Amino acid sequence: MTTTAHGIESAAWLLIALPLISGAVLLLAGKRANKWGHLLGALVPIVLFVYALMLFFAVKHEHNREVSRHLFNWIHVGRFSIDAGLLLDPLSLVFVLLITGVGSLIHIYAVGYMSHDPGRRRFFGYFNIFVAAMLLLVLADNYLSLYVGWEGVGVASYLLISFYYDRNSAATAGNKAFFANRVGDVGLSVAIMLMFAYLGNTSFQTVLHSHLSNGVASAIAFMLLLGACGKSGQFPLQTWLPDAMEGPTPVSALIHAATMVTAGVYLIARSAAIFDQSQSARTMITIIGAITLLYGCVSAFGQDDLKKVLAYSTVSQIGYMFLAVGLGPGVYAIGIIHLLGHGFFKAALFLSAGSVMHAMNDRIDMRRFGGLRTVMPITFAVFVCGYLALIGFPLATGFWTKDKIIEAAFDKGGTSGWILGIAALLGAGLTAAYMTRALVMTFFGEKRWEDDVHPHEAPKSMTLPMIVLGALSLVGGYLLIFGGGVQHWLTPSVGPSVEEGVHTVNPTVLSILTLVVIALGAYGAYAAYGRKAVPVEKPVAVSPITRAARKNIYADAFNEAVLMKPGQWLSRALVYFDNRGVDGAVTGLAAGMGGSSSRLRRMQTGFVRSYALSMLGGTIAVVAVLLAVRFQ
Amino acid sequence: MTPTYYLVLSAALFSIGAVGVLVRKNAIVVFMCIELMLNAVNLSLVTFSRINGSLDGQIMAFFVMTVAAAEVVIGLAIIMSIFRTRRSASVDDANLLKY
Numbered sequence: 001m002t003t004t005a006h007g008i009e010s011a012a013w014l015l016i017a018l019p020l021i022s023g024a025v026l027l028l029a030g031k032r033a034n035k036w037g038h039l040l041g042a043l044v045p046i047v048l049f050v051y052a053l054m055l056f057f058a059v060k061h062e063h064n065r066e067v068s069r070h071l072f073n074w075i076h077v078g079r080f081s082i083d084a085g086l087l088l089d090p091l092s093l094v095f096v097l098l099i100t101g102v103g104s105l106i107h108i109y110a111v112g113y114m115s116h117d118p119g120r121r122r123f124f125g126y127f128n129i130f131v132a133a134m135l136l137l138v139l140a141d142n143y144l145s146l147y148v149g150w151e152g153v154g155v156a157s158y159l160l161i162s163f164y165y166d167r168n169s170a171a172t173a174g175n176k177a178f179f180a181n182r183v184g185d186v187g188l189s190v191a192i193m194l195m196f197a198y199l200g201n202t203s204f205q206t207v208l209h210s211h212l213s214n215g216v217a218s219a220i221a222f223m224l225l226l227g228a229c230g231k232s233g234q235f236p237l238q239t240w241l242p243d244a245m246e247g248p249t250p251v252s253a254l255i256h257a258a259t260m261v262t263a264g265v266y267l268i269a270r271s272a273a274i275f276d277q278s279q280s281a282r283t284m285i286t287i288i289g290a291i292t293l294l295y296g297c298v299s300a301f302g303q304d305d306l307k308k309v310l311a312y313s314t315v316s317q318i319g320y321m322f323l324a325v326g327l328g329p330g331v332y333a334i335g336i337i338h339l340l341g342h343g344f345f346k347a348a349l350f351l352s353a354g355s356v357m358h359a360m361n362d363r364i365d366m367r368r369f370g371g372l373r374t375v376m377p378i379t380f381a382v383f384v385c386g387y388l389a390l391i392g393f394p395l396a397t398g399f400w401t402k403d404k405i406i407e408a409a410f411d412k413g414g415t416s417g418w419i420l421g422i423a424a425l426l427g428a429g430l431t432a433a434y435m436t437r438a439l440v441m442t443f444f445g446e447k448r449w450e451d452d453v454h455p456h457e458a459p460k461s462m463t464l465p466m467i468v469l470g471a472l473s474l475v476g477g478y479l480l481i482f483g484g485g486v487q488h489w490l491t492p493s494v495g496p497s498v499e500e501g502v503h504t505v506n507p508t509v510l511s512i513l514t515l516v517v518i519a520l521g522a523y524g525a526y527a528a529y530g531r532k533a534v535p536v537e538k539p540v541a542v543s544p545i546t547r548a549a550r551k552n553i554y555a556d557a558f559n560e561a562v563l564m565k566p567g568q569w570l571s572r573a574l575v576y577f578d579n580r581g582v583d584g585a586v587t588g589l590a591a592g593m594g595g596s597s598s599r600l601r602r603m604q605t606g607f608v609r610s611y612a613l614s615m616l617g618g619t620i621a622v623v624a625v626l627l628a629v630r631f632q
Numbered sequence: 633m634t635p636t637y638y639l640v641l642s643a644a645l646f647s648i649g650a651v652g653v654l655v656r657k658n659a660i661v662v663f664m665c666i667e668l669m670l671n672a673v674n675l676s677l678v679t680f681s682r683i684n685g686s687l688d689g690q691i692m693a694f695f696v697m698t699v700a701a702a703e704v705v706i707g708l709a710i711i712m713s714i715f716r717t718r719r720s721a722s723v724d725d726a727n728l729l730k731y
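First to last, the sequence lines map onto chains A and B.
For the first sequence, the numbering used here assigns the number 1 to the initial residue and increments by one for each residue that follows.
For the second sequence, the numbering used here assigns the number 633 to the initial residue and increments by one for each residue that follows.
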């Protein structure tokens with residue numbers, strides 16, 4: 001089965017140790033590291049990427065392309081034993097390459113982006129810790145180690161969202177993300193407990209190769225799904241992701257678009273063997289994916305904040321990935337490929353949004369942009385590359401990866417296949433529409449910015465990574481899909497890709513249909529926003545749908561009314577009970593004792609004769625009692 | 633002569649002493665009343681010693697006498713020093729130590 005690590009592979013633990021050490025150095029060294037901290041922080045992922053490439057070629061030649069590296073015996077109590085180890089297999093290596101590759105580019109970008117920020121060293125420290133946790137998440141060879149990485153990225157994400165902790169909105173957004181993630185984490189931890197209870201072990205080797213009864217498999221699968229929904233911002237735990245844009249833009253690009261939020265997809269793909277045993281959980285994934293992808297599209301329309309548009313777009317694209325991994329064996333690989341492509345183009349889009357922000361004095365309201373095309377040509381070009389890739393323009397990344405998912409959804413067959421397929425197709429049209437709206441409002445039309453803003457192109461350290469990512473957005477999809485290379489590569493992990501099944505709709509017809517829908521969406525948005533001037537203030541008289549989209553289809557309002565308000569009432573009632581009931585009893589008892597003793601104190605008059613009288617009285621009483629007992 | 637009379641006498645002396653302690657104000661008189669009570673107890677101890685035919689009670693009486701002598705020395709010294717500072721030997725005047 002798996003090969004034991006040897007040679008270069010046995011040092012795989014460096015992938016986690018290096019960024020962890022670097023992060024610790026940056027955070028502990030204090031001001032001394034201010035001068036060189038960011039360079040160390042940016043160097044680490046590059047070194048890791050080179051090492052990951054070497055690992056990739058080493059593992060490629062191994063039998064079965066699965067290498068395990070046992071690290072140490074973590075917990076050993078009686079018969080209960082947990083080993084910590086790393087698993088290098090096609091799936092984890094693909095993720096390692098994505099994390100370190102896109103991560104390196106974004107780190108380089110961040111050197112330029114954060115150059116004027118006083119907290120730059122702290123930023124790179126958190127960033128490196130995030131990379132360490134994320135790599136642990138994807139490299140772990142058992143669910144318990146995976147859980148450690150899972151929580152680690154949660155903490156890093158929290159720290160980075162509330163990076164500008166003196167801003168109230170950022171602190172709140174960090175808390176919101178943390179709470180929503182907690183709900184999901186409970187699901188994952190329950191799943192791990194179930195594995196311990198029924199299998200006694202959480203290593204992938206055991207869990208993924210054992211047959212569970214249907215009920216247990218479903219329970220574990222649903223709990224894993226809850227965890228995946230929390231981390232990946234899927235319905236109904238999606239509301240934290242758009243708010244997470246409060247963090248610096250490189251954070252949004254790396255953590256909340258390219259890597260961390262795809263951890264849910266990774267978890268499901270990794271646990272494929274469990275989901276294969278539970279049809280109901282699998283159906284649930286597709287439903288969640290379809291709902292979320294439409295939800296994200298509609299909500300993205302209502303946003304005037306460029307980063308929020310991209311955030312909802314991320315929610316929606318991860319919905320596509322969920323849909324793909326939910327469709328079952330044979331489609332996993334397509335979901336992972338879309339994930340990789342999405343990592344490229346969404347990072348490109350976010351980085352160019354960051355560049356725009358950088359140029360516009362950190363203002364992000366698209367109604368205040370306009371006409372930036374000529375002022376920032378490189379940013380514009382990169383954004384267009386990302387835009388074409390995202391909407392699925394022919395030959396760009398999305399065309400190869402997203403169309404496959406739509407095709408697979410139709411190929412599921414039956415009524416559910418048609419519903420999912422039409423949802424995915426509709427989502428593609430809506431994606432084209434809201435992205436066109438964002439593109440037109442930002443880069444075309446009249447300039448609407450205020451007088452004190454002087455837009456300029458970003459420095460080289462920012463534009464270079466953007467150009468690389470922009471190029472990858474254009475050609476990456478073709479490279480990923482070309483000759484089925486990635487699909488073949490992933491086969492040992494997620495099973496073979498079944499391409500040539502029974503097609504419900506002819507692929508060529510479907511491809512053309514998709515393009516027509518995309519063109520309609522893009523044209524519709526152009527007609528609405530490109531032809532006439534965009535008002536600087538938000539229009540007030542709008543349709544109910546727009547109003548709902550602006551408030552992200554009332555998801556926040558729902559959470560507030562159903563979860564937050566009752567929670568607040570409950571805590572207020574408990575505080576009242578604590579103050580009046582518990583504290584009342586305690587302080588009342590103390591006050592009673594104090595009052596009675598101050599009255600009792602009055603007996604101490606200072607007159608010796610009264611003391612003598614009480615002594616005599618006491619003695620007589622004792623003697624009387626003794627006599628009464630003696631002679632009764 | 634029955635020993636009961638001695639016991640009655642002892643009880644009477646003790647009662648007189650106790651009432652004296654309670655009703656008199658002069659510290660010297662109170663002191664004398666305490667001595668009276670102690671000696672009443674001594675009398676009853678000796679009486680019981682005689683009744684039971686053992687020497688235990690008499691030995692106890694010697695102890696009581698020793699303690700009483702020591703107590704007189706200390707007590708009179710205290711009364712003297714209180715009188716010097718307050719020009720009064722009344723126990724009711726020495727009432728500073730109170731709530």
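Hint data in this document are derived by calculation from the structure and do not stem from the laboratory.
Take the hints with a grain of salt, since some may be wrong.
[To be verified] Facing chain A, a subset of chain B residues (Cβ under 7 Å, in silico):
(1) Leu641
(2) Val653
(3) Asn658
(4) Arg719
(5) Val723
(6) Asp724
(7) Leu729
(8) Tyr731
[To be verified] Pair by pair, the computed Cβ-Cβ distance ranges are:
(9) Arg602(A) / Ile683(B): 27 to 37 Å
(10) Ala709(B) / Gln604(A): 18 to 28 Å
(11) Ser686(B) / Val623(A): 51 to 61 Å
(12) Met664(B) / Val623(A): 23 to 33 Å
Since the model is a prediction, treat every value here as computed from it, not as a measurement.
Glycine included, each C-beta is placed from N, C-alpha and C at the ideal position.
Verification of the hints:
1. Leu641: At 19 Å from the nearest chain A Cβ, Leu641(B) fails the 7 Å test, so the hint is violated.
2. Val653: Holds. Min distance 5 Å.
3. Asn658: 11 Å, violated
4. Arg719: 18 Å, violated
5. Val723: Val723(B) check passes; min Cβ-Cβ to chain A is 5 Å, inside 7 Å.
6. Asp724: 6 Å, holds
7. Leu729: 6 Å, holds
8. Tyr731: For Tyr731(B), the interface hint holds, since the closest Cβ of chain A sits about 5 Å away, which is under 7 Å.
9. Arg602(A) / Ile683(B): 27 to 37 Å: 46 Å, violated
10. Ala709(B) / Gln604(A): 18 to 28 Å: 25 Å, holds
11. Ser686(B) / Val623(A): 51 to 61 Å: Violated - the Cβ-Cβ distance for Ser686(B) and Val623(A), about 24 Å, lies outside 51 to 61 Å.
12. Met664(B) / Val623(A): 23 to 33 Å: Distance hint for Met664(B), Val623(A) holds at roughly 25 Å.
In this structure, the hints that do not hold are numbers 1, 3, 4, 9, 11, in rising order.
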